[in-house]
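Asks: Each chain, written out:
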Amino acid sequence: MDTTLFRSITPYLVGLAIAVALYFYANTIVYTPRPGSLGPETWPELAILLLAASCLFEIVRRLIVGNQDATGLMEAFEREEESAQKDPVYPRMLVGGIALMAVYAVLLPYLGFIFGTFLFLAAFMYVGGFRRHGMIWLTSILVTLLTGVLFLRIAYVSLPRGIEPFAMATDVFFKIPSFW
Amino acid sequence: MDILVQLANGFVACFTPIHLLMLFVGIVIGLLIGVLPGLTLVMGVALALPFTYKMDVTASIILLGAMYVSGTYGGAFTAILFKIPGEPIDVPMLWDGYTMGRKGKPAKALGWTLVAALGGGLLSAVVMVALTEPLAKFALSFSSPEYFVIVMFGLLSVVAIGKGSLANAFISMSIGILISTVGVDPVYGAPRFTFGSPLLADGIEFLVVMVGAYGVGEVLTRLETGFATQPIEKIKNARTELPTWKELKEVKGMFFRSAVVGDLIGLLPGAGATIASFVSYGIEARFGKRRKEMGTGVAEGVIAPQAAATASVGGALVHLLALGIPGSGATAVILGAFMLHGIQPGPQVLVTSAPMVYTIFASIFLGLFLMCAIGYLAIRPLIKILDFPEAVVSAYVLTLCFIGALSIRNNVTDLWLIIAFGVIGYGFERLKFPIAPLVLGVILGPIAEDSFMNTMISFSNDWTVFFTRPISGTIVAFTTVVLLLPFIQKLRARYLASAHA
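Residue numbers (my numbering), protein chains in the order written: chain A, 1 to 180; chain B, 1 to 501.
Okay, chain B solo, but in the shape it has when bound (with noise of 0.2 Å):
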């Protein structure tokens, strides 16, 4: 009862003026990222956190909350429309959603995403609504040792979930972690990897390394390949047309089947949309009731990879929220937006900001009514993008990269830095290297250190107590079978392969 007060009075605090502003943008911006082939969703949440400086965290986290719902919906339109899959997100909805389209029916299709993209975001929703609270007062029992593997659980799901190489990942994750000692270590004060530069004394802030790495690297990784976006062919009567509830009806089963894959594939930390979509149409292929027509232009092709992507935001946002531990890139963002207005995610924030909480949640559910609205009505104008040739776009995205890293403390050296990253991040893009870890590595390296030293304080250097403890060892076991999980699939396909055979 007290979570639905707490709602409602979030839901009036949306309804300001700053607050509705911040909605609106962050939608109107998400919808385009998802459009805009050569922006992906991570780099949009990051390039927009300069903007949020100057703001209320609420307001701050309003914007950026809403870029990553919408950020997950955009991109289905021009997958469907012109076979251009904006985010990863979107590859899945090119072998139906397209298909369906070449057979006549986009607005259908688009119909279809719509529907899902606010049925699953909805789902995963309420699910942040009911799981954050209890999740974060289970989480006040936690001590150092519990809250160590937590933070470690987080980074090595991102690293055993995720595409190519685990190796590529671990040492991705290894560098993101050094760079966040660089500096003066805060027990000690003693200086460390500053190699004499009084300007890295202070460390290397987050957001060079996340802006750097994802947009200024995007962008080399594009200017490369010369801009080379496919031409696209001019769509007149670009519209939705929705379900019919007899049509929805048909669907029901296995579109709540797709919503919760993708909600409780958010809840792990390191599975993102990109993962859920993917997950989501393999089982609908692989299980479903019209299994063997996937792939030929049907709803069910559709709706499992929407519904799954925006479902994932909601259980992303839980373990964010009530944690402290982002699950992937843009909760990454997120979190960096908390922690530039002073406030650390976690089990202790729902005590302390239970207000701002709840409004952030409130704004999460307007923001998908808002956000269909807004992709129902003006799909025409928002496809028109498009038609900006991407060096324009490109050079405003380096524009705001820099203003990034000269708003940290108005110094030429981030600039340097932030181009530094950048070659980096393409040099990382080029190698198949994830940035994910490594972003993840700089932001949650310094909480892992310093949890990991309070234990060893607190336990006199005994590091078997990580496995002792009931919690952390659960959580031990827990993290040891998702790094397994890549192991365990490997062996099942040799094992199908030979049975095939």
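Extracted from the complex, chain A is given alone in its bound form (with noise of 0.2 Å):
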């Protein structure tokens, strides 16, 4: 078979395994039966079918048509388009974007919300190629302290306030006068 149709199926057969495996697990879901009654398993197995139903179709279609994508409905109103040029993508800047959310996600209980934004913000405008420092710094004091204000004192949102001596800077926004 061919790579590039190859790949193309990939998502639908790992989707198909995906649904087998979860079907299995619907069955195994623990309850007391009523009577004359559907269990708790039928309305996800009736979703995992469908699920299955469609990788599969889509699976067929491939290997029938070859590797082309379907269209819908809505491409019969779309004009053709002056030869769209395709921009460049930056994979690394993709990774280090998630990795930088999921060390802010792992740092926040302990930076608390304010200390951690202000870092992520700073540091996901620099993950995403953005070199004017000075703005850098101050949208990121700005932005945080906006947010605080915002978030913190107006609209009453529980946010993480994080350990000693980081929590200090969330505590700075609960001496601000209340807005309400």
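It is possible that some hints are incorrect.
Partial list, derived from the structure: chain A residues whose beta carbon lies under 8 Å from chain B [unchecked claim]: (1) Asn27; (2) Asp69; (3) Ala102; (4) Val103; (5) Leu108; (6) Pro109; (7) Phe124; (8) Gly128; (9) Tyr156.
Below, simulated SDA-like cross-link-like pairs (lysine to any residue); rule was C-alpha separation at most 25 Å, straight line [to be verified]: (10) B/Lys432 <-> A/Leu63; (11) B/Lys289 <-> B/Glu247; (12) B/Lys54 <-> A/Leu145; (13) B/Lys249 <-> B/Ala107.
To give an idea of the chain A side of the interface with chain B (calculated C-beta under 10 Å), a few residues [to be verified]: (14) Ala53; (15) Met125; (16) Val127.
Hints listed in this document are in silico derivations from the structure and should not be mistaken for laboratory results.
Since the structure is predicted, the reported quantities are computational estimates derived from the model, not experimental observations.
We put the CB at the ideal spot given by N, CA and C, even for glycine.
Dock chain one against chain two, each of which comes alone in its own frame, and use the hints as you go.
Replies: Next comes the structure, spelled out in structure tokens:
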């Protein structure tokens, strides 16, 4: 089988495998049956069957017609655009961005929302390829302050405080008089 | 008459400081979202959701509704002036709006857009007020089989009327429904797909899926391209020049037709502003009086997509409020806002919360005028936002997404979930799986399951009941037609191609 075709059906093969695994898992749901009533596994099983059938359909379709994306109803109303140029992609930036979010989630309980978000904002702008240092730090400070006031003092959203000494950054906001 | 009295009361209720403030804020943010190419309308509405937690439900919906309306208009500015469609809705605006601008008439193109948005929006608002109550009264006679097929109709329309593969849309919807089943089953109390995790026992909040897939996912997609927005040329005198009365009279027929098309498309669950905009332009290009000139910068090419896009909003709100069925990503978020405040839109909402519904209706009317006034007077500061580097805007968008996650239960696990759904959303975008069916599956899945199980209990597990009862049978037939539309369209295209050959 041609590699491109195999690559194009891989997501559907994975989907099909997940559907089979989930179907068996759904059958292990423990409950006390009621006579004449369907069990709690019925509805998820219907969704799993739909998932499996859709994956199977797409695999068969691609095997028959080749590696061709299907089109929907909307495409009929679209006009042919002048040769759309493809943007270059930067996988490292993407991985960096995801890694940064993961680090943020790990450190948030320790750094607290205010300090953690300030660092995240600056770091994300660097990861995103922006290099105007003054603007990066200034916007990070301003956005953190604005977000803190907006959510901690106006919307009263409960956000992680962090541990000392970082918690001090959050505590400062609670000294601001309440808006309501 | 009763409807008019209630609407008048709605207007009075709109004039409270908090409602006016929310209306103004919603319109401005909606316009900015429309202008910024990195922010989509649905993503913007989803990001605003955490702000509404502490508000009362009417103010929340006024805010989100205003964003929804003005989000269909703001993108036209950048499409006409810079050839940057802020939203997919605005792509048809490039064909005539931008061309008109290149011919030295950008102000005129912006004027036509303003008039089209106002006219289309007002017509659809009138239809919305006229249709919602009768439809809700009719829906009061529905029992669980009818409700189940209506929900499935909403879900399957989103699957059928869209871009790309039907199978991909079905996969996306099934995953959404499966996500909605995670947690303890409400009937038997049995844990489903919790994999032993106590946090999953509470289920996965739809907000996490929505904000993650739309917000974080979109930022990741753009991050991969290095936030490569096209550089924009400086426009010194961006202004709007309204068409004359004579010019308006010349296009009144097509204007009305475009607004009606938009409204009808909005009434169909699954077909939102983008589809309305494309279809309306397509109709004008195929059947309009000046069809041969379309694409050369004619007013008809600007009016058709804009009038239809804004007109679709009123239609979409009809089935959201009367039946509780959101037809698009944006209305799904608005449904989410209702549910966060403990209100389930549907036939009962006009019985229990009529003043709230009519205040929302009145806010749509006021919002349209406010949107046009702001669009007319503040176009220059609005497009100034394009000067902000995308990396800065995206960093702030991510912060809002994280706040959305943390504000649900103040639990970092929700933050992890939102990141995970962001990565899934990015994967969906990359592999060309639509996100709207996933989100709608998560929101409507529990409602569908509930009505399905109730039907099975009430009718002794007889599934034929969905086909044999008159109303549900009709809806099933209609759903089948909608599902067959892509195939019919393909057959027609094949027939036309062979006829030409």
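Asks: Tell me the numbers of any earlier hints that the structure contravenes, in ascending order.
Replies: Per hint list: 1 and 4 violated.
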